[in-house]
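Enquirer: Each chain, written out:
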Amino acid sequence: MIPFLILLLAAGQVAPPADTAPPALQLAPPGDIRAFDTPNDAGKSITVRWQAGPGATPETWLVERTGPPESTQVIATTEPADTRCLDEGAADGTKYVYRIAAVAGKDTIWSQPSPPVACSPQVFNTARLNILIAMAIFFALVIYYIETAKKGKSLFVRRIAGLDAVEEAVGRATEMGKPIIYVPGLGSVADIATIASLNILGEVAKKVAQYDSALLVPNRDAIVYTVAREMVKESYAKAGRPDAFKADSVFFVTDQQFAYAAAVDGLMVREKPATNFFLGTFWAESLILAETGATTGAIQIAGTDSIFQLPFFITACDYTLIGEELYAASAYLSREPLLLGSLKGQDYGKMIILTVVIVGSALLLLSKIPSLAFFDQILGFFSVN
Amino acid sequence: MKFFQYLLKIDRRIIYIVMGILVMLPLIKPLGLGVTSGPRATALFDAIDALPAGKTILISVDFDPSSMPELYPMLAGVMRHAFAKDLKVLLCGLWVTGVGLADKAVTEIPPEYGKKYGEDVVYLGWKAGVDAVILGMGENIKNVFPADYQGHPLDSLPMMREIQRLRDIPIAFAISAGTPGYQDWLLFAQSRYGMKVGAGLTAVSAADAYPYLQSGQLTGLLAGMKGGAEYEVMVQKKGYSRAYMPAVAAMDSQSLAHVVIMILVIVGNIAYFATRKRGA
Amino acid sequence: MKRSIPLAICLVMGVAMMIQFFIPHPISVGFYDLTTKWIRIVGAFALVLGTGSLILYHVDKLQRRRQGWYYSIVTLVAAAATAVIGLGWGVKTGSPLQDVIFSNLLVPLNASMFAILAFYMASAAYRAFRARTREAALLLVAAFIVMLGMVPVGRAIWGKLPELAEWVLSVPNMAAKRAILFGIALGAIATSLKVILGIERGWLGGGKQ
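Residue numbers (the numbering used here), protein chains in the order written: chain S, 4 to 388; chain Z, 3 to 282; chain L, 3 to 211.
Isolated chain S (complex conformation) (with noise of 0.2 Å):
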């Protein structure tokens, strides 16, 4: 008996009558209503931001404005898990007033009005202020280093195989009685890359003026085509043989990529050149002009700061100038002042570089540690918006 009673108490404590289940929850209205000038924009801009109340979750939010004269209206409507809403359609100087609704089924609670806010546009981004920072550290290194070349201070630059070899090949060429097919990339005159390449070709054709062979330069751009024309008639001239250069030496191709690289195979494999030079901004038909050439047996200088052609530059060039390398080549070759001097500026400003990653990727294992979590904040400043 007393065994089944202690079963019938026990099953009154697991079992609780219906009467007492918890009530449900109550939907409540957003706290903390925030509405402010979008920071660093061209205005017309306002940012609302609000807390979910402590009651249920709505389905969805709504943002409503009231703005002059005596204008109301709901802007936008948002997932529950959004609590931000970007207002497009604000006038500058105008002032408005939110109010944030929690709405389910049929229910919709309002919460209390925001102070009044209006919108202006920014004359300056805050968030880029670590851009400018950066740039003028750098801006600041490469001048200096400018003006020490300028005193006549002797500065240092490792040796760059291709570039060395550019004389050898010139020679090379002229020896087989052979041409030297210059192609500067199929970049426009406003790449870094393709800019690199007109130096170089400057210094090339001068070479090639000085030893009497004979250039062909095709070019895939029409503004380019006409840089060059000038850069290698130019060269020409200073080499003391502006009676050698001939116009239809430097000629425009076509601007498609595929039919430019048919025409230099077909131009390589006519007029079996001794030197085929690819310096410039390179896409997919690299390794079609690259090994074309190589099946012509001519010796073959390339270089691109086109990361994704470099593997197949090395795989069938006899010298490949790697990125940056190719952006040294007119200080390397003209070994001026001013442009050895902005050399050095870059290379001590990627040493900052390689200083801050070692030092913020040892910030941010440290961040991990709660103690020190304000290295988050630090590496906040290094974030790019």
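Just so you know, the hints here were simulated from the structure itself, not pulled from any lab data. All figures in this text were calculated on a predicted structure; none of them were measured in a lab. A portion of the hints provided could be inaccurate.
When the alpha-carbon atoms are kept at most 30 Å apart in a straight line, the in silico DSSO-like pairs for lysine-lysine are as follows [stated by the list, open to error]:
#1 Z:K57 to Z:K11
#2 Z:K129 to L:K39
#3 S:K153 to S:K353
#4 Z:K11 to S:K181
#5 Z:K57 to Z:K144
#6 Z:K31 to Z:K240
#7 Z:K239 to Z:K31
#8 S:K47 to L:K39
#9 Z:K117 to Z:K106
#10 S:K236 to L:K162
#11 Z:K11 to S:K275
#12 S:K371 to L:K179
#13 S:K353 to L:K162
#14 Z:K106 to Z:K198
#15 S:K241 to L:K162
#16 S:K47 to Z:K144
#17 L:K162 to Z:K239
#18 S:K154 to S:K241
#19 Z:K57 to Z:K129
#20 S:K153 to S:K275
#21 Z:K57 to S:K109
#22 L:K162 to Z:K31
#23 Z:K198 to L:K4
#24 S:K47 to Z:K198
#25 Z:K117 to Z:K239
#26 S:K47 to Z:K239
In silico negatives: residues of chain Z with every beta carbon more than 12 Å from chain S [as the list claims (entries may be wrong)]:
#27 Y8
#28 E110
#29 E164
#30 V206
Sample of chain L residues with no beta-carbon within 12 Å of chain Z, all distances over it, derived [stated by the list, open to error]:
#31 S6
#32 I25
#33 L64
#34 S74
#35 G90
#36 Y122
#37 A126
#38 E137
#39 V153
#40 E165
All C-beta atoms in this analysis are idealised placements derived from N, C-alpha and C, irrespective of residue type, glycine included.
With chain S fixed as given, assemble chains Z and L onto it according to the hints.
Expert: Below, chains Z and L alone, put in the same frame as chain S:
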């Protein structure tokens, strides 16, 4: 010794013939090596599969005919998937050279599912300017494209009555052979308008997208022809399509091509070391 | 004067665009939009220059009967025909330019040129991939892993091979690429600064003074 010296200098034409034959053979007689779907392609597939009927997906056709063998199967696969799920498809492009390819897809694929242009699929065409186009579409698609590629005003197209701006579209799939491409959709559409973005890329540039996948910015990724094949297989397995799978067919050829290259490299190295030893 | 004016424009516009990057004000944004429109307009004029150069080059080749002069006839006739058809019949779907020239000529030709890469990769790999040094041997091993991992054959050989290939691509390969990108980015900034300040004048055509 002569044998190894010959191996060191095999005529290119022989290499090209062997390569050509081994690439062609599987297209005629498939090897049936099979394609297993990886997590990146599956993530994109699941994201589109989870959309309820009637929703719209945006496809940005950012490639040209030279990348067509690698990227067009992705375009066809995703479109077939969308139509099988009764999703609507809106196409546009940031590359002018992709216009003909998008038009081809819009002409060929919807009739397979009985879908009508204007009601189930619309092609907006190409517009110059990248950030202006995406940001403009974020505010109002009609401001950027008042008419579609064929010249029909967007207001006259039933499908476009419910789609005013990018927020009305849950997911964008950017098929890119370079720049501009998926990074612009991430930068402007995903971060600003909260759209999910998936990417279809050539194999050589797919590795650059991995950080975006890891951070969750990209919803899924189809990498190269293999990615296209993985998607085709998933679409077929679910019964959404019975169409010919060009990427899957080409994977046998790609497998053999890779094996041929490896064999040639091994042969070249054996010959190199053999002749070097003898020479020493 | 011939060089001073372009250098002055380069300096002013270079500094202006640098400052514009930091100013979100609508006037700054408007200036940026205007400049990009101008760049596109000036770029369009390049088409005139390029077409003129193309025609002059091939007409000259034709007149002097230089080697391959008959191909110049093909080039000139093709250029003229494409222009006439495009101007006369339009470029939309259904027009001869779209259907015949684009779909039936340009697309297959572009695809064929791209396809040549496969053969060239085989011959280049065979010729160049020699394990001459330890680094070269390491490169070969990594190349094999990635090549096998990217195709179904790799998974058939070893189930984990695709993951290993992905690790090679996303960790060491990415690290090296980013290192090169750092250098390229800094080189680009330094070269841009030199161009803006007039230290680098190659883009003017005609060397430095």
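Enquirer: Does each hint fit the structure? Answer for all of them.
Expert: Consistency of the hints with the structure:
1. Our distance criterion of 30 Å between C-alpha atoms is broken by K57 of chain Z and K11 of chain Z, whose separation comes to about 59 Å.
2. As the CA atoms of K129 of chain Z and K39 of chain L are separated by approximately 13 Å, the hinted pair is consistent with the 30 Å bound.
3. Of the pairs offered as hints, the one joining K153 of chain S and K353 of chain S holds, with about 22 Å between alpha carbons and a cut-off of 30 Å not exceeded.
4. The hinted pair formed by K11 of chain Z and K181 of chain S meets the criterion: a straight-line CA distance of about 25 Å does not exceed 30 Å.
5. With a CA separation close to 19 Å, the supplied pair K57 of chain Z and K144 of chain Z stays within the 30 Å bound.
6. A hinted pair counts as satisfied when its Cα atoms are at most 30 Å apart, and K31 of chain Z with K240 of chain Z qualifies at roughly 25 Å.
7. Simply put, K239 of chain Z and K31 of chain Z have alpha-carbon atoms about 22 Å apart, close enough for the 30 Å limit, and the pair holds.
8. Simply put, K47 of chain S and K39 of chain L have alpha-carbon atoms about 24 Å apart, close enough for the 30 Å limit, and the pair holds.
9. Between K117 of chain Z and K106 of chain Z, the direct Cα distance comes to roughly 15 Å. Compliance with the 30 Å bound is thereby established for this hinted pair.
10. Between K236 of chain S and K162 of chain L the alpha-carbon distance is near 59 Å, which puts this suggested pair outside the 30 Å criterion.
11. Distance hint between K11 of chain Z and K275 of chain S is fulfilled; the C-alpha atoms sit about 21 Å from each other, no more than 30 Å.
12. For the given pair, K371 of chain S sits about 28 Å from K179 of chain L by alpha-carbon distance, which is consistent with the 30 Å threshold.
13. With a CA separation close to 38 Å, the supplied pair K353 of chain S and K162 of chain L exceeds the 30 Å bound.
14. For the proposed pair K106 of chain Z and K198 of chain Z, the alpha carbon gap of about 26 Å is at most 30 Å, so the pair holds.
15. Proposed proximity of K241 of chain S and K162 of chain L is contradicted: the alpha carbons are some 62 Å apart, above 30 Å.
16. Restraint check for K47 of chain S and K144 of chain Z: the C-alpha separation of about 21 Å stays at or below 30 Å, so the hint holds.
17. Under the criterion of a C-alpha separation no larger than 30 Å, the hint pairing K162 of chain L with K239 of chain Z is consistent with the structure, at around 23 Å.
18. A hinted pair counts as satisfied when its Cα atoms are at most 30 Å apart, and K154 of chain S with K241 of chain S qualifies at roughly 26 Å.
19. Distance check on the hinted pair: K57 of chain Z and K129 of chain Z sit about 24 Å apart at the alpha-carbon level, within 30 Å; holds.
20. Restraint check: the Cα-Cα separation between K153 of chain S and K275 of chain S comes to about 44 Å, which exceeds 30 Å; the hinted pair is violated.
21. For the given pair, K57 of chain Z sits about 25 Å from K109 of chain S by alpha-carbon distance, which is consistent with the 30 Å threshold.
22. Note on K162 of chain L and K31 of chain Z: the hinted pairing holds, with a Cα-Cα distance of about 28 Å set against a maximum of 30 Å.
23. A C-alpha spacing of about 52 Å is found between K198 of chain Z and K4 of chain L, which places the hinted pair above 30 Å, so the restraint is violated.
24. With a CA separation close to 26 Å, the supplied pair K47 of chain S and K198 of chain Z stays within the 30 Å bound.
25. Annotation: proposed proximity of K117 of chain Z to K239 of chain Z holds, straight-line Cα distance about 22 Å (limit 30 Å).
26. Distance hint between K47 of chain S and K239 of chain Z is unfulfilled; the C-alpha atoms sit about 50 Å from each other, more than 30 Å.
27. Consistency note on Y8 of chain Z: stated as away from chain S, and its beta-carbon is indeed over 12 Å from all of that chain's, at 19 Å minimum.
28. Against the 12 Å criterion, E110 of chain Z stays outside the reach of chain S, whose nearest CB is about 25 Å from its own CB.
29. Here E164 of chain Z stays apart from chain S, with its beta-carbon at least about 15 Å from theirs, past the 12 Å limit.
30. Distance to chain S contradicts V206 of chain Z as a non-interface residue, since its nearest Cβ pair spans about 5 Å, not more than 12 Å.
31. Non-interface call for S6 of chain L relative to chain Z: holds, since the shortest CB-CB distance, roughly 33 Å, exceeds 12 Å.
32. Residue-level check passed: I25 of chain L sits 17 Å from the nearest beta carbon of chain Z, beyond 12 Å.
33. Every C-beta of chain Z lies more than 12 Å from that of L64 of chain L, the closest at about 30 Å, which supports listing it as non-interface.
34. In this structure S74 of chain L is separated from chain Z by more than 12 Å, as the shortest Cβ-Cβ distance comes to about 25 Å.
35. Non-interface status of G90 of chain L relative to chain Z is upheld: no Cβ of that chain comes within 12 Å, the nearest being about 19 Å off.
36. At the 12 Å boundary, the C-beta of Y122 of chain L falls inside the reach of chain Z, the nearest C-beta of that chain being 9 Å off.
37. Taking the minimum C-beta to C-beta distance to chain Z, about 10 Å, the non-interface status of A126 of chain L is violated against the 12 Å cut.
38. Taking the minimum C-beta to C-beta distance to chain Z, about 15 Å, the non-interface status of E137 of chain L holds against the 12 Å cut.
39. Listed as a non-interface residue, V153 of chain L fails to keep its Cβ farther than 12 Å from every Cβ of chain Z; the least gap is roughly 4 Å.
40. Remark: the non-interface label on E165 of chain L conflicts with the geometry, its nearest Cβ contact in chain Z lying 9 Å away (cut-off 12 Å).
The structure does not agree with the numbered hints 1, 10, 13, 15, 20, 23, 26, 30, 36, 37, 39, 40 stated previously, though it agrees with the rest.
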